[in-house]
Each structure stands twice: as structure tokens, then as C-alpha cells.
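Visitor: Okay, here's what each chain looks like letter by letter:
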Amino acid sequence: DVKVTQSSRYLVKRTGEKVFLECVQDMDHENMFWYRQDPGLGLRLIYFSYDVKMKEKGDIPEGYSVSREKKERFSLILESASTNQTSMYLCASSLYWMTGRYNEQFFGPGTRLTVL
Amino acid sequence: AQKITQTQPGMFVQEKEAVTLDCTYDTSDQSYGLFWYKQPSSGEMIFLIYQGSYDEQNATEGRYSLNFQKARKSANLVISASQLGDSAMYFCAMREVFGNEKLTFGTGTRLTIIP
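If you're matching them up, the sequences are chains A and B in order.
The letter at position 109 of the first sequence is residue 109 when you use our numbering, and the numbering goes up by one with no holes.
The letter at position 14 of the second sequence is residue 14 when you use our numbering, and the numbering goes up by one with no holes.
Hints in this document: simulated from the structure, not taken from any laboratory.
Note that beta-carbon positions come from the ideal geometry of N, C-alpha and C, so glycine has one too.
Please note that the accuracy of each hint is not assured.
[Unchecked claim] Below, computed lysine to aspartate or glutamate pairings styled on EDC-like, alpha-carbon distance capped at 20 Å: (1) Lys18/A <-> Asp51/A; (2) Lys102/B <-> Glu56/A; (3) Lys102/B <-> Glu30/A; (4) Lys102/B <-> Glu72/A; (5) Lys102/B <-> Asp29/B.
[Claimed, not checked] In silico contact screen, one side only, chain A against chain B (beta carbon under 8 Å); selected entries: (6) Leu43; (7) Pro61; (8) Tyr64; (9) Ser65; (10) Glu104; (11) Gln105; (12) Thr114.
Take these sequences, add in the hints, and give me the full structure.
Guide: Encoded structure:
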């Protein structure tokens with residue numbers, strides 16, 4: 001059964017802290033994604049990666065960085081957390097686009113981050 | 001740039017009735033894919049159905065069907081015989097087909113099924 005896991009369901013941090021959100025997939029997917037979800041705004045793409053050590057900016061990369069040292073793991077880093085980064089963070093993965101018809105993204109359960 | 005519009009922030013539907021969730025999109029691409037995802041209160045996004053821009057027939061998956069009207073740029077999700085377990089947020093999303101894995105999501109519709 002396909003699975004994307006995220007390190008925490010709930011996280012509370014203080015302003016200025018460095019925050020790591022971890023995502024692991026066991027489907028051997030090439031692509032991995034980080035989104036944030038806010039009420040009334042839907043899901044917005046922060047960063048994505050289509051291969052190990054490769055990354056591309058999404059629509060809202062400011063204040064975030066990512067790391068992909070292994071194919072199965074994609075980390076989102078908040079270098080200095082701020083209150084406006086309080087949000088739900090969702091990780092997803094998918095196959096390389098030529099592999100399948102749908103190439104739907106499979107999502108993790110999400111991490112609800114609160115920055116105080 | 002791609003854009004997805006879901007104009008219904010919330011809907012209330014009686015159990016066993018059919019429900020249509022609206023989705024319109026804007027793109028200059030000829031090749032694209034449209035997805036619907038369900039997000040229950042647990043938070044996890046669940047893939048429901050896919051429609052390719054060149055697919056001649058509307059997609060169906062069990063109780064879910066997609067009313068695809070290409071000229072009107074709409075891709076409405078139809079749920080037949082709604083159940084209490086259908087209560088959730090529903091998101092429409094679009095992706096360029098060739099070589100671009102990014103999904104653009106709409107703002108979602110919260111569907112509540114009334115017993």
C-alpha cells in the first residue's frame with residue numbers, strides 16, 4: 001500500500017526557531033512536493049523536487065528551503081520561523097510523468113504548525 | 001498562468017441526493033489534466049478522479065463522475081447518491097501534461113451531507 005509519512009501531525013515552535021518538517025515516501029517516486037494549506041487559499045506549492053539533490057521553487061518559496069539527499073526523503077526547512085508561517089503543511093509524491101497515465105500525487109497526513 | 005476557480009465555499013446536501021461541485025479553469029495550454037481530491041477532517045488528501053484534456057469521454061470512478069465541458073473550461077465533480085462519509089473538503093486541481101508535475105489547486109468546497 002502506498003504511503004507518505006510526515007514526521008509530526010502537530011508542531012508548536014517559537015518565532016525565530018529553525019524548523020524541520022520531514023517527509024518520507026515508500027513508493028520509489030521521483031517527484032516530491034511541499035504545500036501549505038490555508039483557509040480560503042487552498043493548497044499552494046512551496047517547493048518541489050524531481051530528483052535527488054534537485055529542487056525547484058513553487059509559488060511561495062520565500063522563507064523556506066528544502067533538502068533532498070535521498071530519493072525517499074524530502075525535508076522542508078523554515079530557517080527562522082515567523083507567525084505568518086503558522087499553517088498546515090502537506091507533503092506529496094508522484095511518479096515521473098512519463099511513467100503512468102494519471103501520475104496523481106499521493107499526500108501525507110499533514111503537519112499543523114503553530115508559530116508563537 | 002494556470003488558474004482554478006471553485007465558487008462554492010460550502011454546500012449542504014441531503015443524504016442520498018446527487019451533488020455537483022463546480023470547477024472552472026483557465027489555461028492557454030492545449031494539453032492538461034484535471035484532478036479532484038477529497039480531504040476529510042483527518043487532513044489527508046485522497047485522489048478521486050482524473051480527466052485528461054484529450055479524453056473524449058467523461059471520467060467516472062464508482063459514484064464519482066466528472067462533467068467535463070472543454071469549451072466552457074469547466075470540470076465539475078458529480079457525486080451520486082451522497083453518503084454521510086462524503087462530508088469533506090473537495091479540491092479541484094490542474095496540471096500541464098507534458099513534463100510539468102506541478103498541480104494548481106482551487107480554494108476548495110466544503111461539502112456537508114445532512115442525514
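Visitor: Confirm or reject each hint.
Guide: Hints versus structure:
Between lysine 18/A and aspartate 51/A the alpha-carbon distance is near 25 Å, which puts this suggested pair outside the 20 Å criterion. Between lysine 102/B and glutamate 56/A, the direct Cα distance comes to roughly 10 Å. Compliance with the 20 Å bound is thereby established for this hinted pair. Our distance criterion of 20 Å between C-alpha atoms is met by lysine 102/B and glutamate 30/A, whose separation comes to about 13 Å. At most 20 Å may separate the alpha-carbon atoms for a hinted pair to count; lysine 102/B and glutamate 72/A meet this at roughly 19 Å.
For the suggested pair lysine 102/B and aspartate 29/B, the alpha carbons sit about 14 Å apart, so the restraint of at most 20 Å is met. With a cut of 8 Å, the hint placing leucine 43/A at the interface with chain B holds, because the nearest CB-to-CB distance is about 4 Å. Of the supplied interface hints, the one on proline 61/A is violated, with its beta-carbon coming no nearer than about 13 Å to a beta-carbon of chain B, more than 8 Å. Violation of the interface hint for tyrosine 64/A is found here, the shortest Cβ-Cβ separation to chain B being roughly 16 Å, above the 8 Å cut-off.
With 8 Å as the threshold, the beta carbon of serine 65/A stays out of range of chain B, its nearest partner Cβ sitting at about 18 Å, so the hint is violated. Look at glutamate 104/A: its Cβ gets to within about 4 Å of chain B, closer than 8 Å, so that hint holds up. Interface hint at glutamine 105/A: satisfied, since its Cβ lies 6 Å from the closest Cβ of chain B, which is below the 8 Å cut-off. Annotation: threonine 114/A was flagged as interfacial toward chain B, and the flag is violated, the nearest CB pair being 15 Å apart, outside 8 Å.
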